[in-house]
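Residue numbers (numbering that gives the first Met the number 0), protein chains in the order written: chain A, 0 to 305; chain B, 0 to 343; chain C, 0 to 504.
These are calculated hints, taken from the structure and not from any lab test. Any given hint could turn out to be false.
[Said to hold, decoys possible] Rough simulated footprint, nothing fancy, chain A against chain B, three-plus residues with beta-carbon under 8 Å:
(1) 132–141
(2) 156–166
(3) 276–283
(4) 323–329
Beta carbons are placed, not taken as given, at the ideal position from N, Cα and C, and that holds for glycine.
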Amino acid sequence: MTTPLISGVLAGAILSGTSLLYATLGETIVERAGIVNLGLEGILLIGASTGFATAAATGSAWLGLLVAALAGGLANLLFGWLVVSRRANQLASGLAMMFFGFGLSALVGTPYVGAVIKGLPKWRPAWLAPLPWVRNSTLFNYDLLTWMALPVAVLVWWALFRTRWGLGVRAVGESPAAAFAAGRSPGLLQYQALGAGGVLGGLAGAHLSLSLTLTWAEYMTAGRGFIAIALVIFSKWHPLRAVAGALLFGGAEALQLQLQARGSDFSPFLLEMFPYLLTILVLLAWGGARRLAAPAGLGRTFYGSE
Amino acid sequence: MAETGRLAAPAVRAALRYGAITAVALAAFAAVLLLAGKDPLRAYADTFSYTLANAYGFSELLVRMTPLLLTAVAVALPSRLGLINVGGEGQLYMGAWLASAGALLFPGLPRWQLLPLVALLGFAGGALWAAIPGVLRAARLVNETIATLLLNYVAPLIVSYFIFGPWRDAQGSAYPQSSAFAEAARLPSFFDTRVHGGLFIALGALVAYWLIMEKTRWGVDMRAIGGNPEAARRLGLPVAAWIVIALAIGGGFAGLAGMGEAMGIHGRLRQGLSPGYGFTGFLIAWLAGGRPLGILFMAFLFAIITSAGDTLQITQGLPYSAINLLLAMILFIVLARRPRKAGK
Amino acid sequence: MPLLEVRGVSKRYGPVLANDQVDLTLFGGEVHALLGENGAGKSTLSKIIYGFTQPDAGTVQLAGEPVALRSPRDARALGIGMVFQNFMLIPAMSVLENIALFLTDLPAVVRREAVARRIREFGERFGLHVDPSALVRQLSVGDQQKVEILKLLLARARVLILDEPTKVLAPHEVEALFRVFHALKAEGYAILFITHKLREVLACADRITVMRQGRVAGGFGPGQADAEALVKLMFGEGAGAGAPAPAEPRPAGAEPILELRGASARAAGSETALTGLDLCVQAGEIVGVAGVSGSGQKELGDLILGLRPLSLGSKRLCGDDASNWSIARMREAGVAFVPEDPLVMAAVPGMSVRENLYLGTGRRYRKGAGINWRALESAMAESFRALAFPVPRLDPPIGALSGGNLQRVVIAREMAHQPRLIVALYPTRGLDVRSAASVRDLLRRARDGGSGVLLISEDLDELADMADRLFVMFEGAFKGCFARGGWQKEAAGHLMTGDQEADHG
Chain A
0 MTTPLISGVL
10 AGAILSGTSL
20 LYATLGETIV
30 ERAGIVNLGL
40 EGILLIGAST
50 GFATAAATGS
60 AWLGLLVAAL
70 AGGLANLLFG
80 WLVVSRRANQ
90 LASGLAMMFF
100 GFGLSALVGT
110 PYVGAVIKGL
120 PKWRPAWLAP
130 LPWVRNSTLF
140 NYDLLTWMAL
150 PVAVLVWWAL
160 FRTRWGLGVR
170 AVGESPAAAF
180 AAGRSPGLLQ
190 YQALGAGGVL
200 GGLAGAHLSL
210 SLTLTWAEYM
220 TAGRGFIAIA
230 LVIFSKWHPL
240 RAVAGALLFG
250 GAEALQLQLQ
260 ARGSDFSPFL
270 LEMFPYLLTI
280 LVLLAWGGAR
290 RLAAPAGLGR
300 TFYGSE
Chain B
0 MAETGRLAAP
10 AVRAALRYGA
20 ITAVALAAFA
30 AVLLLAGKDP
40 LRAYADTFSY
50 TLANAYGFSE
60 LLVRMTPLLL
70 TAVAVALPSR
80 LGLINVGGEG
90 QLYMGAWLAS
100 AGALLFPGLP
110 RWQLLPLVAL
120 LGFAGGALWA
130 AIPGVLRAAR
140 LVNETIATLL
150 LNYVAPLIVS
160 YFIFGPWRDA
170 QGSAYPQSSA
180 FAEAARLPSF
190 FDTRVHGGLF
200 IALGALVAYW
210 LIMEKTRWGV
220 DMRAIGGNPE
230 AARRLGLPVA
240 AWIVIALAIG
250 GGFAGLAGMG
260 EAMGIHGRLR
270 QGLSPGYGFT
280 GFLIAWLAGG
290 RPLGILFMAF
300 LFAIITSAGD
310 TLQITQGLPY
320 SAINLLLAMI
330 LFIVLARRPR
340 KAGK
Chain C
0 MPLLEVRGVS
10 KRYGPVLAND
20 QVDLTLFGGE
30 VHALLGENGA
40 GKSTLSKIIY
50 GFTQPDAGTV
60 QLAGEPVALR
70 SPRDARALGI
80 GMVFQNFMLI
90 PAMSVLENIA
100 LFLTDLPAVV
110 RREAVARRIR
120 EFGERFGLHV
130 DPSALVRQLS
140 VGDQQKVEIL
150 KLLLARARVL
160 ILDEPTKVLA
170 PHEVEALFRV
180 FHALKAEGYA
190 ILFITHKLRE
200 VLACADRITV
210 MRQGRVAGGF
220 GPGQADAEAL
230 VKLMFGEGAG
240 AGAPAPAEPR
250 PAGAEPILEL
260 RGASARAAGS
270 ETALTGLDLC
280 VQAGEIVGVA
290 GVSGSGQKEL
300 GDLILGLRPL
310 SLGSKRLCGD
320 DASNWSIARM
330 REAGVAFVPE
340 DPLVMAAVPG
350 MSVRENLYLG
360 TGRRYRKGAG
370 INWRALESAM
380 AESFRALAFP
390 VPRLDPPIGA
400 LSGGNLQRVV
410 IAREMAHQPR
420 LIVALYPTRG
430 LDVRSAASVR
440 DLLRRARDGG
450 SGVLLISEDL
460 DELADMADRL
470 FVMFEGAFKG
480 CFARGGWQKE
490 AAGHLMTGDQ
500 EADHG
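Can you make the complete structure from the sequences, with help from the hints?
Now the structure itself:
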């Protein structure tokens, strides 16, 4: 019985973890630049709705994906205008974006409720198909976003840690003063980070409507944006650790479903709690010795005063 | 008399500011309505007649306001010390949880004992839940914004665990909820409406917040810490202790909101007790700049807006989410107006 | 030909002339020391050279050509680099990343190995050995300083300005730094070494410029200077005539109000550790503590107030062992605090004068949950009257008061309950002449009224005027104790700058 359980959980974790991972990667870039976007949920919804609407209207899921990415990027830039140019409180701005996302996504998506779309195509490498525990599951039968999830994570890591741009972004998040002294433009770098983060967020939302459920419903992201924010903290703002985190958080959900299907009595809620408690412990462990793995300048306007 | 003179100018300015915000937002929303093919004047007229001109509609506004007042104070009080509490959701759930524990464990107590007990437990539940991040912040281990945010996720799960487990509805209904509370544990309601005793608790909390901050020496101490923590430390104020206390008191108020919803509206512990009251409370407190009258006004405004959402859905076929756009617009306008504001 | 030349530079900040017709010449291959006590104008001059601020008059020339330095970026582009007292480093990043951030020729894809190699190369050449992959926050302060210097070198600076670089270094690290200077000199770099430490200047400088009160007080070429001459230029002549007369750190007699025995305190980061301090303050006397920045004066003040714990030794207040007392308890027991810049340390800007008067009065005016405003106001009015201050309006926010008025309010509050000990930390810094005189007058009157006053100051003239006994502090320890009139500025100056003069008191 255990093999199917593991493969079932793994399969579920990967499927549901894809959008989590993209959302987390996007938010990681943004937070590395020193900004918290509590409205990530709104960005995801905008991606999901615009993607679905485009796919339903044009018949092309690919076009939907593109539009979703652009919409997410633009929305994040709007957020960026508030917090970077207008120096608005980041938390309040984030919540405003959340409401904006709720509203805009409903406006865009409602006309297409119930529409039937051809989702993103999936494919599976032929040589894997015959394997026993792969055959009957969704394992390795993925759409482009899922296949690209790991490479994208590596790309984000590479961009942040191996390029001049990434060095600047991280410097802004740690110490805007130092970045400025080094001749960088903190505001520009933050806008760029927000743009990239928004695109990833849009893709995350699109995965839900264009691949996972092939529908649109209001609030369909069900808190994934907030989960991603916790995931960023859990993975200590590191893109590669986010992969493990996404699998963990996605896996908890999948395990819960599997256990329920098997009539297990183990409370699903305790299971769901586990990743968050782990996050808090992780923070505590880091907090004791060396304060925070968080970028030192995270949320300057966030703390109220410097 | 110099006092009133001192109060008048900022009060007038605040009133103008709130008025201006509302007016611009209404105009902007009217534009959105037009674009969506609806008649803004009809929409506003409907809203008015269903919420303000209608007794039951007005009572529903009060029902909506009740938890918002409390979660707003939950944010406002710690903010005077410079602390950021985004954990209103979690604190609300834990307040509801602990209060429910009391109601379920002592169903036999007479009302005059049970109700205060349940209220106390509601406060305690939220207070303890907020004290955790308070201690972490006072010990300089974890930033309270992150800690309160993370605990938001855990609290509803704890509540769900109990609802599906030890406190499962004895009636065996399929709906995820606890058994109904004894009548003695329920807050009294008024005039055939859903307005319940929690409203008075909420108003009392608002008054208490104002009294504490403006009229007691504790308020002076707290504001000093918020104004200049270094000077406060050097003047002998126990800053670390105050951090924990302020967050705990804030959390306690949010806990009372949870208690109010459970004991006043539902009569049992349910999942989904809060459609984001904690975060809305944050926004209300922020928009009001932490001022008690501002909180009252903003909570009322939010209540009208959300009511309008329901009303217009029925009368105009407008999706409720359009209201979310209105809220977002109001916030954008306020946020964009301040190019350089330190604090909150 | 000189690498950098400053001619006739003047800069005024309000009433203060920070730089007055300053000339300075930097040659390549030399260490040029800029010497002066606090407030002499050194930091203003360095800010001008680095482009942080523009002079009101005068020019800066680089290799004979006048240059316009409108911002640090201009300065860096011209090869001028500066290492500040507060490092501009990102603790969470590695040495390599910190240096790479400041490189102007960094390619889009960072070649970590190439940068690491350059770091190691420069490290070898100049004795600046650091591991490029180490995180900055794991490094000692001395090593962090090396990273700062490497940053400048890799960014192709030719003129290096170092502002008080030895303030945070241990003796052996200072030695290492001087070896670095030597290596840099050999390759033609010009080093401007800003400091107040005589011994070091004599040890490593080729050329010396002494500043005092905004002007160049004098200069010396290679091999021309000696300690005596430098101290005379730094502190001026006079003030405190008479033969040196040492005083007892802890004179016998009546119970002292404050007594420190062997008091020591640990330091974190850039703080100064305190070692083995013996001091006492009697009733009716003003004890002065002289020192330059980094000598530990602030840490001493915090130690006495109860804000910093003792790691060794004891502290007694009127005979009671107060070694572990909190600040609240010290204040309750009659210890008052008059700092520089009250808005930072002693008052809450957004709150009213009335509320600020209440803060720090501890339990005295509590009335249940409220405050006995009437009693507070009357006590404070009395205090203002006794000090001959006009009673200010109590409603406005305290931040609206001028510097002098603000200090007066703080003093009136602190003196309202006849404090036994007043700890005054640079109390006249930043005040105009009249307000400063008024503050000094108050402290004297407090002394005459029986309080003990500990006056921590960098202003030797002020201390000569006020102190009945004077301690001189350097690097966290007391170097000497003198009676009123029994010391000269030169002697104090020597001790303050670490120049051990065995036979001059």
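Structure-based check of all given hints:
no., hint, verdict
1, 132–141, "holds (count 4)"
2, 156–166, "holds (count 6)"
3, 276–283, "holds (count 3)"
4, 323–329, "holds (count 5)"
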